[in-house]
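For chain A, the structure is supplied; the task is to place chain B on it using the hints.
So the sequences go chain by chain: A and B. According to our numbering, the stretch in the first sequence is residues 1 to 230, in order. According to our numbering, the stretch in the second sequence is residues 1001 to 1261, in order.
Just so you know, these hints were derived from the structure itself, not from any lab. Virtual Cβ for every residue (Gly too), placed ideally from N, Cα, C. The reader is advised that the hints may include incorrect statements.
So the derived list for chain A, only partly shown, Cβ under 10 Å to chain B, looks like this [said to hold, decoys possible]:
(1) 50
(2) 57
(3) 70
(4) 77
(5) 78
(6) 80
(7) 81
(8) 82
(9) 100
(10) 101
(11) 107
(12) 112
Stretch-level coverage of chain A by chain B, calculated; a stretch enters the list once three of its residues show a Cβ under 8 Å from a Cβ in chain B [stated by the list, open to error]:
(13) 31 to 41
(14) 59 to 68
For lysine-lysine, the following DSBU-like pairs were computed, each having C-alpha atoms within a straight-line distance of at most 35 Å [unchecked claim]:
(15) 163(A) with 1068(B)
(16) 1174(B) with 62(A)
(17) 1261(B) with 62(A)
(18) 1068(B) with 1187(B)
(19) 62(A) with 92(A)
(20) 1068(B) with 52(A)
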Amino acid sequence: MHDISLDIADGEFVCVLGASGCGKSTLFNAVSGLLKVDSGSIRLEDEDVVGKPGRVGYMLQKDLLLPWRTALGNIVLGASLTRGANASDRAKAVELATHYGLGGYLNHYPRALSGGMRQRVALMRTIVAGRELMLLDEPFAALDSLTRFTMQRWLLQVWTEMKRTIMFVTHDIDEALFLADRVVVMLPNPGRIGRILHVNLERPREVACMASPAFMQLKAEALRLLYESP
Amino acid sequence: MNHHKTRHPIVAQIFFWLLAMLLILFVWQAAIVVFRIPHFVMPAPAAVIDMLFGNGPMILKLMWQTLKETLSGYVIGAAVGFVLAVGMSQIPLMGRLVYPALVTSQAVPIVGIAAPLVIIFGFGMTPKLIIVAWIVFFPVVVNVMDGLAQVDPDQINLARLLGGTPLRTFLIVKLPACLGPLFSGLKIGASYAVTGAVIGEWTASSRMGLGTYLLSANAQMNTTGVYAAMMLMTLIGVGSFVSLLMIEYLATPWRHRATSK
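Here chain A stands alone, though its shape is the one from the complex (with noise of 0.2 Å):
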């Protein structure tokens, strides 16, 4: 990776978009605190955060739910891990996973949900951990077109109600444009960003708006960033 140079505002929707192997997963890993970068500096509200794990919230393509807590111990799993869980966390998660339409799955095993329903669950374990900034790396990927849509819509929600800060990780151009206020286009050999788009498409926004002439052109501009770069 190379001069990569990147500012994100406080409850900023940001997708980083690239083929595999331009560095997304690194830079991700980077930022969570799990890899150590060898020069540069990564800031989180003034404070240093690299090689330190546990100041942002994470969540990968694989739920990593575990299939020996329910639901809803999955969701205060946070907890669970740092000082046990009590009864107000607990209810605070009740309240949230209802809120978002998990109410009836909370005592259930990840096994007897779908897959659209342990990504859920697995968000709200990201959002229950309480971090300001949240990295998603292809969270939806593993899902068929018409579940990730549904997912991506109900991302779009929770984000705007909960004010959080999200840097989303895809290779789905499409995604990219529907979720994110800027699209970080990154290029490979080395990685690098290659330009960054700001996508002003009107919030809050419905299926209509990914057949506009703006999402048109944005994506027309992306895709000529992504293959056509020297």
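Here is chain B on its own, set in the frame of chain A:
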């Protein structure tokens, strides 16, 4: 879902176990009749069961002795195996050093271990417990170590990102992940454990158990007695195995239930 005919899966499982046991007895009885095997070579299962009930109190005392040795040794072996596995996976250097020694311990013939143990610990319980534990701990160590090594690294990373303490991460994420392998090890151990107790009794014993009884019945040409002892030893092994199946079922509800209670 129709509930009116749903039988508890455990009930179905026990039904098949009983059926299999009856089938074995049936084949045994049939072989005696078909091949006209004389009673002093191999008694009919009916005769053996008859003999067991005819000598109830004595038989129960023998069985209790062997059961005691088997179960105590089993618990010790399983606990030692589990603690070793956890220790060895937490401290890799210790693991690499101790693992070859553990494998070596299993290469020594168990009959060969029995004699020195009797010399050191005498005719009482201790050598039997050690022999049983010696047999049982190995499948537990190997399986639990494999289980701990196979926990998804992303799962561990997630626990780190959620700020998990090492102890809580171990208890909540790693330990339940190796329950399956743990029970595999425990089940393998359960079917071997009784062999250890019998070998211990054969080497030297101050108290009669099924093993010592089998030796003396054999010396007296009491074929029915030999088979009676054998049948009960088998019963201990099979009984331990089935008990473990049930404990495993109860300990891992997420495998067979959609929701928690």
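For each hint, the structure was consulted:
1. 50: violated (15 Å)
2. 57: holds (8 Å)
3. 70: holds (5 Å)
4. 77: With Cβ-Cβ at 6 Å, under 10 Å, it holds.
5. 78: holds (4 Å)
6. 80: holds (6 Å)
7. 81: Where the cut-off is 10 Å and the nearest Cβ of chain B is about 3 Å from residue 81(A), the hint holds.
8. 82: Holds: closest Cβ of chain B sits about 5 Å from residue 82(A), inside 10 Å.
9. 100: violated (19 Å)
10. 101: Check failed: Cβ of residue 101(A) comes no nearer than 17 Å to chain B, outside 10 Å.
11. 107: Holds, about 4 Å.
12. 112: Holds, because the Cβ-Cβ distance from residue 112(A) to chain B comes to roughly 4 Å (cut-off 10 Å).
13. 31 to 41: Since 3 is at least three, the answer is holds.
14. 59 to 68: holds (count 6)
15. 163(A) with 1068(B): Not OK: residue 163(A) and residue 1068(B) at ~63 Å, beyond 35 Å, violated.
16. 1174(B) with 62(A): holds (17 Å)
17. 1261(B) with 62(A): Holds - the C-alpha atoms of residue 62(A) and residue 1261(B) are around 27 Å apart, at most 35 Å.
18. 1068(B) with 1187(B): holds (18 Å)
19. 62(A) with 92(A): Distance of about 25 Å is within 35 Å: holds.
20. 1068(B) with 52(A): Roughly 53 Å separates the two Cα atoms, so the pair is violated.
Violated hints, listed in ascending order, are 1, 9, 10, 15 and 20; each of the other numbered hints is respected by the structure.
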